[in-house]
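Protein chains in written order, with the UniProt record's numbering: chain A, 1 to 165; chain B, 1 to 404.
Among the hints, a few may not be true.
Claimed, not checked - Okay, the calculated bits of chain B under chain A, using three or more residues with CB under 8 Å as the criterion:
1) 51-58
2) 130-137
3) 371-384
Claimed, not checked - Here are some chain B residues pointing at chain A (derived, C-beta under 8 Å):
4) Leu-222
5) Asn-223
6) Asp-403
Treat the hints as calculated values from the structure; they're not laboratory data.
C-beta: ideal position from N, C-alpha, C; glycine also.
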Amino acid sequence: MTNEQVKSRLIEKFGEALTDFEESYGMLSFHAPKEMNLKVLQFLYDDEALEFRFLTDITGVHYPAQPGAELAVVYHLQNLRTRTRLRFKVFTSVADPKVFTATRLYESANWMERETYDFFGIDFVGHPNLIRILNVDEMDYFPMRKEFPLEDQTRIDKDDEMFGR
Amino acid sequence: MSNPHISLPQGSLEKQTTTLNLGPTHPATHGVFQNILEMDGERVVSAVPTVGYIHRAFEKIAERRPYFQIAPLTDRLNYCSSPINNMGWHLTTERLLGITLPKRVEYLRIVIMELARITDHIVCNGVVGVDTGAFTGFLYIMEFRELVYEIYEEVCGSRLTTNIGRVGGFERNFTNTAFEKIERFLKEFPKALKEFETLLVRNRIFIERTQGVGAITAERALNYGFTGPNLRAAGVDYDVRVAHPYSSYGDFKFDIPVGTTGDCYDRFLVRGEEMWQSLSIIRQAMEKIQELPADVYHADVPAYYLPDKSDVYTKMEALIYHFKIIMGETEMLPGELYNAVEGANGELGFYVISDGGRSPYRLHFRRPCFIYYQAYPELIKGAMLADAVICMSSLNLIAGELDA
Numbered sequence: 001m002t003n004e005q006v007k008s009r010l011i012e013k014f015g016e017a018l019t020d021f022e023e024s025y026g027m028l029s030f031h032a033p034k035e036m037n038l039k040v041l042q043f044l045y046d047d048e049a050l051e052f053r054f055l056t057d058i059t060g061v062h063y064p065a066q067p068g069a070e071l072a073v074v075y076h077l078q079n080l081r082t083r084t085r086l087r088f089k090v091f092t093s094v095a096d097p098k099v100f101t102a103t104r105l106y107e108s109a110n111w112m113e114r115e116t117y118d119f120f121g122i123d124f125v126g127h128p129n130l131i132r133i134l135n136v137d138e139m140d141y142f143p144m145r146k147e148f149p150l151e152d153q154t155r156i157d158k159d160d161e162m163f164g165r
Numbered sequence: 001m002s003n004p005h006i007s008l009p010q011g012s013l014e015k016q017t018t019t020l021n022l023g024p025t026h027p028a029t030h031g032v033f034q035n036i037l038e039m040d041g042e043r044v045v046s047a048v049p050t051v052g053y054i055h056r057a058f059e060k061i062a063e064r065r066p067y068f069q070i071a072p073l074t075d076r077l078n079y080c081s082s083p084i085n086n087m088g089w090h091l092t093t094e095r096l097l098g099i100t101l102p103k104r105v106e107y108l109r110i111v112i113m114e115l116a117r118i119t120d121h122i123v124c125n126g127v128v129g130v131d132t133g134a135f136t137g138f139l140y141i142m143e144f145r146e147l148v149y150e151i152y153e154e155v156c157g158s159r160l161t162t163n164i165g166r167v168g169g170f171e172r173n174f175t176n177t178a179f180e181k182i183e184r185f186l187k188e189f190p191k192a193l194k195e196f197e198t199l200l201v202r203n204r205i206f207i208e209r210t211q212g213v214g215a216i217t218a219e220r221a222l223n224y225g226f227t228g229p230n231l232r233a234a235g236v237d238y239d240v241r242v243a244h245p246y247s248s249y250g251d252f253k254f255d256i257p258v259g260t261t262g263d264c265y266d267r268f269l270v271r272g273e274e275m276w277q278s279l280s281i282i283r284q285a286m287e288k289i290q291e292l293p294a295d296v297y298h299a300d301v302p303a304y305y306l307p308d309k310s311d312v313y314t315k316m317e318a319l320i321y322h323f324k325i326i327m328g329e330t331e332m333l334p335g336e337l338y339n340a341v342e343g344a345n346g347e348l349g350f351y352v353i354s355d356g357g358r359s360p361y362r363l364h365f366r367r368p369c370f371i372y373y374q375a376y377p378e379l380i381k382g383a384m385l386a387d388a389v390i391c392m393s394s395l396n397l398i399a400g401e402l403d404a
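Okay, chain A solo, but in the shape it has when bound (with noise of 0.2 Å):
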């Protein structure tokens, strides 16, 4: 199955609503609109001819500099008969960040999606368990959000022998 493949029988399905298809060093990969992520991810799945059926991962993406459309959620499907992968992207915004869950359609969206909460503060709407994963439960910020920089490595203002360096 070809990229040209899976791209004419999504467009097909879905018109004009999926954008910016690209080929990124071999994998089809475009962008849905938020309130159709289930719809894109359940059609990829039911399809007789594309069966994208493994769910290899969830992450999330901040681009500070695209308001309204801050925060991105990636999906990476893969279908394991013909061995083809696929990426889309939903953007919603850091105001209102609530995307639906996928833990109806993959058990294993459970966690990616509880990590992509704890380090992107993206809701999960409908997720069974959506708490803090690998950070502490009183965290109050999403620490993998542009906006927290790691420490400058060159700051002075610090007492060099209580760091050791």
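Since the structure of chain A is provided, determine the placement of chain B on it from the hints.
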């Protein structure tokens, strides 16, 4: 069953479950995992796994490090087979940069990766033996992990967290001693592995303790995102080395061992058979390496491969490239890439977004352990506590990878 002569609080006889904390640091968990088990006598009613005890924010740290400085982070993911993680990262970077490697480098990498896979499976299968009460096998084959560590030491100078590759190849060429040690490993390990398998595979106690324990169907395993030996034990022949060949894996003949039931016993057998396949791959690679020029150990990419120190002191270009690489000023191409390698316990994926800057805009590790550990409560539901322990070790959970 109520006795009129004994007055117990309401519900105390009906609620027969006990809450038991297994972990976070417990010898039976082989790492830092907490499991809050609800026990009915010796049987597990439900389990709540908690992770994150050694989370070190690798993805965040990677956002301010130049690409070549991210390699030491990857070594610390699955520390039982750190060269695979390390090579996986270098393969990702090379693909991002569009570097092609000479064949000899790719074969040398395959030798190292397969050695790492063997050591990982040695530890995992040995520990499954330990958890069923057979310490002998673990001690017996641990000697060969030591031998592999000596090979690493010979190639790069360190043993556990190796940092063995560089963008474009290896830091230095393999010495003759390294090749001798690999030959010695190839000669001596099969006998020990055979004995180790004889010790356990048809052992009555081992069979009773592992067969039917922690079983999962192929369909559930796929839905849970299983990869690697754990998925193959359930009967799905998905292997990244074959499905998406990288680093010349296409040049080698090997089988993908597949189980049927997906229980602890099958996972043990699949790992055992994978070690034999890895040995065969190493043998084939060693033969191919003999035919290639012996002085090639890195690609000719001066802009990304750190030059030799003697050149840095004498040649202007080498000095400039050295400076640019060390300061992280090498030009990266913008792009998005998902690249996966077959780690010892599953598909280890690297999702990189490069915006052309000195460090990745975003780097995400797809860590196989993290994804399938969520199936653990389902695997041990209704099993005995002792089975829960075996189930955990046979899944090959590595805390460093789980928490990243």
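Violations among the numbered hints: 2
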